[in-house]
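Engineer: Protein chains in written order, with the numbering used here: chain A, 1 to 103; chain B, 1 to 116.
Please note that the accuracy of each hint is not assured.
With a straight-line cut-off of 27 Å between C-alpha atoms, the simulated DSS-like cross-links for lysine-lysine are [to be verified]:
id, chain 1, residue 1, chain 2, residue 2
1, A, Lys69, B, Lys75
2, A, Lys4, B, Lys75
3, A, Lys85, B, Lys75
4, B, Lys54, B, Lys75
5, B, Lys81, A, Lys91
6, B, Lys55, A, Lys91
Listed below are several chain A residues computed to face chain B (Cβ distance under 7 Å; list not exhaustive) [claimed, not checked]:
id, residue
7, Lys4
8, Thr5
9, Val15
10, Val19
11, Arg23
12, Thr32
13, Val33
14, Glu45
15, Leu49
16, Arg79
17, Met82
18, Phe84
19, Lys93
20, Ile94
21, Asn95
Now the stretches of chain B that chain A is said to cover, found in silico as 3 or more residues with beta-carbon under 8 Å [what the hints assert, rightly or not]:
id, region
22, 5 to 13
23, 37 to 43
24, 56 to 64
25, 85 to 92
Keep in mind the hints are simulated off the structure, nothing from the lab.
C-beta: ideal position from N, C-alpha, C; glycine also.
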Amino acid sequence: MAGKTVTRADLSEAVYQRVGLSRTESAQLVETVLGEICDTLERGETVKLSSFGSFVVREKGERIGRNPKTGVEVPIEPRRVMVFKPSNVMKSKINGGDETDDE
Amino acid sequence: MIKSELVLRIAEQNPHLYQRDVENIVNAILDTIVDALARGDRVELRGFGAFSVKKRDARIGRNPRTGETVPVSEKVIPVFKTGKEMRLRLNGASNGASGASGAVPTGASIAARAAD
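Excised from the complex, chain B in its bound form:
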């Protein structure tokens, strides 16, 4: 699924919204995540996962084709850690348990289902 398909699906579930509004909504969410990471903040979305950043020290790299050494400067990389509920859902736990598992908020799936 790509972003435009995601927008289309959300728009179908919310006929009162223009497609461009949905596009703005999706972009607002993604931009907020990126901006937070750019500030060095962490983004925690229960039931889905958490985004954070890690610093990578400068190092001496090597061009694998020519064998030349190249300096690689210090950089920051984004990392994502899958949330517990998501990990369980990926492994089929949701079929039997998700509806009943009150321990983890399943707001996302409930909202998605309530919409149709």
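Excised from the complex, chain A in its bound form:
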């Protein structure tokens, strides 16, 4: 049961089953959706998907890191990272409950 990995192929299959487009087009649309989310985040814009969660881009300042193996200090350059904040709906579904069924 647990331990399986879901990939793009499974997402296309779900789209194919639910919307009734061809398999090729379903796969293409999965790419388009992911691509659009990536492009938006790349511009630094937040992506909020209700009942799923939101992806936020954060600016990290420079700090001093350390190579854990050698102990040598190395500067970590300022960079942009992306964080995912799951919605309450997602959290409760994953915990097997539907108490907070917001939709």
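Given chain A, work out where chain B should sit, using these hints.
Structural biologist: The following block gives chain B in isolation, referenced to the frame of chain A:
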């Protein structure tokens, strides 16, 4: 960008689809991810990132306002780890390299661009 704006943008790129079809497509994708996580599965989307779940043990929490102790039961939380290509894109690597970097599949960006 919120979900409805995402739907609108995809619909613009695919004039042959109804907006409600696009809505169904986006929801099918998101629901599949949530269902997988609910089963304890991992969701790996190359070039974007991976979703997985982690178990958090039960613990004794404290109401920060009153100081009362409250039992917090065991729970499962979803976690997301950004993929390599996405991490590079966020830091501007795509401007020069993404088109050429054959190592990582850039199918998503190619499809998005081909659509217009």
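Engineer: Count the residues of the region 56 to 64 of chain B with a beta-carbon closer than 8 Å to any beta-carbon of chain A: does the count reach three?
Structural biologist: Our answer is that it is violated, as 0 residues pass the Cβ test (under 8 Å) against chain A, missing three.
Engineer: Please count how many residues of the region 37 to 43 of chain B have a CB within 8 Å of a CB from chain A and say whether that reaches 3.
Structural biologist: holds (count 7)
Engineer: Can the restraint linking lysine 55 (chain B) and lysine 91 (chain A) be considered satisfied, given a maximum Cα separation of 27 Å?
Structural biologist: holds, 12 Å
Engineer: Would you mind confirming whether the straight-line C-alpha gap from lysine 85 (chain A) to lysine 75 (chain B) stays at or under 27 Å?
Structural biologist: Holds: lysine 85 (chain A) and lysine 75 (chain B) sit about 16 Å apart, inside 27 Å.
Engineer: Does glutamate 45 (chain A) meet its interface restraint, that is, does its C-beta lie within less than 7 Å of any C-beta in chain B?
Structural biologist: Hint on glutamate 45 (chain A): holds, closest Cβ of chain B at ~6 Å, below 7 Å.
Engineer: Mind checking the CB of methionine 82 (chain A) against every CB in chain B and telling me if the closest is under 7 Å?
Structural biologist: Since chain B brings a Cβ to about 5 Å from methionine 82 (chain A), closer than 7 Å, the hint holds.
Engineer: Grab the minimum C-beta distance from valine 19 (chain A) to chain B and call the hint holds if it beats 7 Å, violated otherwise.
Structural biologist: holds, 5 Å
Engineer: Is the interface hint satisfied for arginine 23 (chain A)? The criterion is a beta-carbon contact with chain B at less than 7 Å.
Structural biologist: violated, 13 Å
Engineer: Against the 27 Å threshold, does the CA-CA distance of lysine 54 (chain B) and lysine 75 (chain B) hold or violate the hint?
Structural biologist: Given pair lysine 54 (chain B), lysine 75 (chain B) holds - Cα atoms ~9 Å apart, limit 27 Å.
Engineer: Holds or violated: asparagine 95 (chain A) as interface residue toward chain B, Cβ cutoff 7 Å?
Structural biologist: Holds, because the Cβ-Cβ distance from asparagine 95 (chain A) to chain B comes to roughly 5 Å (cut-off 7 Å).
Engineer: A closest beta-carbon separation below 7 Å is what the hint needs, so does arginine 79 (chain A) meet it against chain B?
Structural biologist: holds, 5 Å
Engineer: Min Cβ distance, threonine 32 (chain A) to chain B: is it shorter than 7 Å?
Structural biologist: Since the shortest Cβ distance to chain B is 5 Å, the answer is holds.
Hint compliance for this structure: hints 1, 11, 24 are not met, and every other hint is.
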